[in-house]
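> Residues per chain are reported as follows:
There are 2 protein chains.
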Amino acid sequence: MTQHKVIFTPSGIRATASGEDTVYDVALAAGVDLQSICGGKGMCNRCQVEVEPGSHAKYGITVGEDALSDFTDSEKRAIEKGRLQPGRRLACRARVLGDVVVDVPADAREYDTSISKTSVAFLTDLAPAVTLHMLELPQQELDDNPSDAEALSAALRRFGIEASPKHRTLVKLQPILAKNNRRLIAVVRDDREIIDIWPPEMFHVYGAAIDIGSTSIALYVYDLSQGELAYEASAMNPQIRFGEDLMSRVSYCMLNKGGEEKLTKAVREQVAAMLEQARVTLSLGQNQILEVVAVGNPIMHHLFLGISPVELGQAPFTLAVKDQFQVPARLLDLGISESARVTMLPLIGGHVGADTTGAYLTQIDAMEGRSVLLVDIGTNAEIVLSHGGKVAAASSPTGPAFEGAEISAGVRASKGAIERVRIDPATGSARVRIIGHDEWNSDSDGSALPHRVSGICGSGIFEVMVELADAGFIDRGGLFRPEACPARFVQDGKSWKFLLVDQPGAQIWIKQTDIRSVQLAKAALAAGVRLLTDHLGCESFDEVLLAGAFGNHLDSSYVARIGIIPGAEADQIRSIGNAAGMGAAMAMFNRAEQQKLVEAVRHIEKVETATEPKFQDYFVEAMAFPSAPQSNDENQQGRGRRRRSRDRTA
Amino acid sequence: MTQHKVIFTPSGIRATASGEDTVYDVALAAGVDLQSICGGKGMCNRCQVEVEPGSHAKYGITVGEDALSDFTDSEKRAIEKGRLQPGRRLACRARVLGDVVVDVPADAREYDTSISKTSVAFLTDLAPAVTLHMLELPQQELDDNPSDAEALSAALRRFGIEASPKHRTLVKLQPILAKNNRRLIAVVRDDREIIDIWPPEMFHVYGAAIDIGSTSIALYVYDLSQGELAYEASAMNPQIRFGEDLMSRVSYCMLNKGGEEKLTKAVREQVAAMLEQARVTLSLGQNQILEVVAVGNPIMHHLFLGISPVELGQAPFTLAVKDQFQVPARLLDLGISESARVTMLPLIGGHVGADTTGAYLTQIDAMEGRSVLLVDIGTNAEIVLSHGGKVAAASSPTGPAFEGAEISAGVRASKGAIERVRIDPATGSARVRIIGHDEWNSDSDGSALPHRVSGICGSGIFEVMVELADAGFIDRGGLFRPEACPARFVQDGKSWKFLLVDQPGAQIWIKQTDIRSVQLAKAALAAGVRLLTDHLGCESFDEVLLAGAFGNHLDSSYVARIGIIPGAEADQIRSIGNAAGMGAAMAMFNRAEQQKLVEAVRHIEKVETATEPKFQDYFVEAMAFPSAPQSNDENQQGRGRRRRSRDRTA
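Which chain is which? The protein sequence lines are A and B, in order.
Each residue of the first sequence is one higher than the last, beginning at 1 in UniProt numbering.
Each residue of the second sequence is one higher than the last, beginning at 1 in UniProt numbering.
The shape of chain A in the complex, shown without the other chains (with noise of 0.2 Å):
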């Protein structure tokens, strides 16, 4: 079979692509870093690369005019929408003939992906569980000696640790202290076991906090020994190709023989890669990474575990483990130290998972006597309240509408997306800001934007929203009204669309589906909201916390000025960020911290919103944007009368 060299930059990744390989199958099978939410379907349109023909002297290659196939016609409808730049091509579309140098552009690359930096730090004390202990054993005399494996218990009983070696421990125990003098580390975890022995000249142990989200996973390593951060990572969930949300990964799993066991593959070996970058980064040694917590989703867990998910993809959604959940590292192929072991944090529910016990974790002391709303905001939202001593936690089915799914402009809050609108209310025109720029872009004239514009991000997706009503381009129940501004709206099939950003060749526009999803996302949301404040009796919040990238870039003004928080005031508001990989690390710096999360979970009440007559009820109210002039028919809200509604804008 021919077979072409493909060379990757900037990070210089060599690879060889035969038969039929895309440069995208390339790039995954060599771990180029290249986004992809559609799984290579030639769908979403992030996997962007640059080919430049002509001679690469530092590859030693010649790149051919006809090193890749023709353009494609889904290239080509791209290209016509202003999705593809013009000079690049979608690596999954793209077919590799010849050798070639492929150029992957910032914003195609997954790292990019901002994950909050600033969400890092945490207090607590540096308390792990697993502990490094300086030993030197006795000589041994000729008489009724004692054991080796005696001597050190005894040595370890000196710091007050009952332990004995096992066998790993044992097998190399005597080499170690032939070699040492009798001076070896001993490695104890949880002051009670004996993970490992190491000679007596390396001191740092370190841990790793993973949140592996359905979008994206994040790794943090800490220096356990002293107490520091020494690498961050976030890579996307390669589960993505088996479905972009969470219910259409169940129903692969469901639909397909041994679906699952091609989901836990996926994640871990991601996992597992990532953490072999950071042991290579920091050039650790293989036992070094000993400790690992790590929170996701009930379905994330599970998958991660090895669990199949489909007992969570249909009614009665019975988990298979709850509780906080340990397990060797070396039973999930982690590929870290055989003595690692992975602590999975307990979930609350069937849809509130171990990311949300992880926020908590981190707001535990924070909300302990207060009123307080813990909200994280991703395809589902997960709320937590606490009020009135005790803490009540539920799921609304939001939609990935948040996280700029769904919306025909959205993308994921990474460079280039809008975060930031102000819509005049007397021309239409938007001022916008993007994530990676600190300054406003100027009005949506194209020509006068200093920075491209890639598209809406959640958090841009609440201001257009609240901006669109308050310029009452919307009426209450969500209805576009071009009326109002006839400038900036143009008919769009049978219904109509607002121009947001006239940039040249890629307009940005807010269509009337658009509005749609947002409406249903905020409702399942206010009415989750509701229902915890129902069952806890609180009418008032002293703070309402906003956990997930989402909230990073959200002004809490527009958060709650469209109402998707029932009774939330502007300064009530708070962003917390990745909380959930946080909350993983605060439990793996501080084993009472996590004895106390694993204590208070088992307290905290589960609301059902899917079984929950008043759901239904509370989900159309907050349907309306409270500050848009009143529709027509304003009955027209009614759930059940949506698709017709929409029918009739045209």
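Hints are computed from structural coordinates only; laboratory data are not their basis.
This structure is a prediction, so every number in the text was calculated from the model and none was measured.
No copy labels: a pair is met if it fits in one copy or bridges any two.
Okay, derived cross-link-like pairs now, BS3-like style, lysine-lysine, Cα gap no bigger than 25 Å in a straight line:
| hint | residue 1 | residue 2 |
| --- | --- | --- |
| 1 | K415 | K511 |
| 2 | K265 | K166 |
| 3 | K596 | K166 |
| 4 | K265 | K172 |
Given chain A, work out where chain B should sit, using these hints.
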């Protein structure tokens, strides 16, 4: 390379020989039962086989006259000495030159080794560590379900068991529940660990008791749900090829880098093969053998665990581990369930191992509050004495004489070996009884012998010595007195030898060096016993227990008369069979017995023979044969003069 077919009978095993392969090489590779204690070096004459030239229609092979290489010098010498029966070959010397059918006669097969079959019974209640519990979990309802892990724990709680499923169990919990209408069998260990879950139709869990001797390995498989012995087998310890005795194996490890790994691999592979054979024979599932309790002397124990024994080959003889030790079976590559556990019974000291504590467990109640001596005679003799509420133990370096090794006509205790001897003081002619036949062979006139005699086993050696002493054919110092029976003595180099059995072509002689070997062995054992009785102030025994295959063939009156156990009367002496293996089984049968042993062993006082000055004195005193006539110069019994005195016998 030319290849030849080799078929072994009676097993029917088919194999292929190529290159320079000997019959032994082929047999070893093919797993044919064939004795060897020298590891194929042409030294032990054990690996005898028979080849019949001609057409073997059953196997479609015609065996040529030249199917094997010519007789080697060592074979010719063996024939001359009567050690190799006419018509037989040594498998380790005969190279395969053509297709051949090789018959392995019964006396050359490993499984013929006579491990006592009488000793498989012991008295204890069935209360093993692993128990089965049939459970039915409640159907899940919609609101706030417990997880299935919690439901399983709750169901077990009704049996008084507090346990949560671990990873291996958790991943298959929901599928098993779904398939079996929420019924399952929980496999629980130690009342606190769920080690497996089974569909609700498997009702038997099995356990293996293993006695890892330096010569042979004995396996007993029990149905732990019913308390029945289901299978037993024994095989050579394949480590023999690295050294026949313990110290030569330790030397092998000291002199050869990676040697201990080879020894470990050899014994584990043998045990794994025996377990697999048991599993297949009993038609067990892969996961049904869940407990293993193993015993062995300290070096066998350490090597089986994968611990280098080199610290046991040099002062100060420090054990890596002495207490009972448990290890997942998967870490020892035993090929049984991932969840199975191996328990190594505790050791007493550097030379007193888990085989001794196993034997002790079977007698622990019998020894309590009484003066009882327990002796396990092998290459070392391990001795345990209870007296006055205390227990002490020692090891004596007897050498292998009692096992028939280092005796010129010595053989292992297998079919055809002399186990009883009566010598007529008047004529010097001997009647013998051989293993496998109840009647006595007639007078030593070879023509009248109904069965062929292969040699003398350890127990036979005892009687020979006692009879020679009683007849006055040796003096108290152990020197031959040829003048007492000129008809049976002939010159042997500078010394003499005594004709014991005059069978045609295979006379059996007792040599002066044989007397010396037995003298050294009996003196070592007697000295060890005296140190122990001194230590505890014990002046007489209530009972003397002999453990091991050796004891089974002993006539207790001869044990008393030869004086190896100073103070022991014939009617106090009792054989307790393979007590080591039985102790392993007993510990497996009953957790409380096992725990009792662990506690008791911690209180056993270890007496060091190597460093005790009195040992030498006692040793010298015990060299004498008390019933023999005085020697010309009584002083020659002094240990320092033995070599010289040996020269003088010429």
